[in-house]
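Asker: Taken in sequence, the protein lines are chains A and B.
For the first sequence, the positions run -9 to 298 when the numbering used here is used.
For the second sequence, the positions run 9 to 310 when the numbering used here is used.
Keep in mind the hints are simulated off the structure, nothing from the lab.
Here a beta-carbon is modelled for each residue, glycine too, at the ideal position from N, C-alpha and C.
Wrong hints could be hidden among the right ones.
Simulated DEER-style distance windows between Cβ atoms [stated by the list, open to error]: (1) A:G32 to B:M180: 42 to 50 Å; (2) B:P206 to A:R124: 44 to 52 Å; (3) A:R124 to B:P201: 49 to 57 Å.
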Amino acid sequence: MAAAPAIAVAGLGRDYGRVRAVDAIDLEVQPGEFFGFLGPNGAGKTTTIRMLTTLLSPSRGEARVAGSDVVDDALAVRRQIGVVFQETTLDLDLTAEENLRFCTRLYGLSRRESKARIDEALRLFGLSERRHARVRSFSGGMRRALDLARGILHRPSIVFLDEPTLGLDPGQRRRIWAFLQKLVAEHGTTLFLTTHYLEEADPCDRVAIVDHGQIVALGQPDELKRNLGRDRIDVRTERPDVFLASVRELTGLEPQRAQHGLSVFVDDAATVLPKLLPLTAQGAEVGVTRPTLEDVFVDLTGRSREAA
Amino acid sequence: MSGIVGAIVAVVVRELTRFQRQRGRLVATFARPLLWLIVIGAGFEKLVPTEGTVSYKQFLLPGLYGMVVLFSTMLTALATVHDREFGPIRMLLVAPLPRFVAVIAKTISSALLGVIQAVLLFPLIWILGLRPSLGALLELLGAIALASFALGSLGMVIASRLRSIENFAGIMNFLMFPMFFLSSALYPASLLPGFLQPLVRADPLTYGIDLMRHPLLRGLYPGNLGTDYTISFDVLVLVLVAAVLIALASLLFGEEEHLGRILLVEPPRPRGRRLPRPALGFGRRESTAAKPVPFREASPAD
């Protein structure tokens, strides 16, 4: 028999007045899984996290986290979870260590245990040097790292992260992802993470793509991308309308509009690419790359994330 | 239980550390009451004929302690609104603690800050020529603590209802100033006309300041500048106010729908699809994952 799921959700939904923020979500996350909850802004990601972390009660459906119902047994859920919110919850006037100590006090850790955990967390997130510096002097990336450190200080078995990389530059984003992967590998922690940067979710074991409060795709990132085709051929042009018909004619495939122009998804670029080469004479650039989760989203919803 | 104590300690330490680092707040603590004492106190002293041995400034002093406590607790309440959305109170709300712990912890730290700021102004007692006994000083300290706690719990009720701190001007004009002027801080409450008396009596600050005035004016002949109620009545009202408001704030704090559920306004949550126990796997959905799965129509919550 499989282990009990870390998170089990059935028909979960939430309305704000007459606005349906989350329609009806079904999903299951296994212990130790790195799960990505992806979608554009306003898709219902934060509302879902708020329901799973007992901050918001659902309008319908049911959710169990670590085996306990999020409404009927909220305290049992909170005993097992760590939460990193989209907005920082740090005290800018306190030092890194003082911010972490707030958390170890909150969870009733002994003085010795508290010191050991704080040392470890600061080392893990590369903040040991800045231990006694006020958080006000920290960069955005360092603040986020400290937020993460605080969310996991009490060693929760399930950690929820709402847009942990929001507002960070690419280098800082990569560092945060590296921390998260380390956390899963070293502690076997279950991670439930939301992001609207679809392209960065590849390290996740599985992802759910949400749109308008519904899950439109669920699976391993590679599997979702492979369903589109192994290769993506890009036709780079400023005038996609001009080339739309000819791409359709030359390949027999329906091209997808993209920021760079047009894309077609194929299983073997070598057989299709030569057919598109004549377009280069008309001023378009043709190239081959791999499909991304962004492409999966566009394919499923028929629009780009930016337009969403 | 240890978790609750730990959480209260965490919040109190945090508030005290912040207070000590915010110089501006310390300056404001001194500036506002001193301004009132020096300007209003001096002006009124000329106007008010004293019948007893108590000067107007001596009468005003407990009112200023009341003012310090009022402003301090209300500012803490507004900071709580911010803390709940962007600060450490959020951490508290996802920690394995009942909601009331957040309220108690914040009320205690709010009261503590009020007491500290009032105590910093204790030298005024001697400067104004009052010579209280040690016992009377401790009594004053207790009165300030009790008033701070009652006003702190009022602050938590307000904080639980506010969504943003933009309402500060409203709170200041429609709550803090009326509470101060109606409170017997500036004149004995009995002097106000009859139609204002219900408001005077509904103002917890009235009893707080009255309670502070008792030990400070003891042994003097106050004449027309005296206290309004007995010590035991003041204590009783403040304890009741604090208990009721803390309970109310605990109910209201957290999410907006809590109130609905408590008042049974909100219908029970429809359970649509139930989770199987133990829950089943979702292999079916994975296999159809790449193409849009035809989702069931959004059913009205029934």
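Asker: None of the hints should be skipped; say for each whether it holds.
Answerer: Going down the list of hints, with the structure as the test:
no.	hint	result
1	A:G32 to B:M180: 42 to 50 Å	violated, 35 Å
2	B:P206 to A:R124: 44 to 52 Å	holds, 49 Å
3	A:R124 to B:P201: 49 to 57 Å	holds, 53 Å
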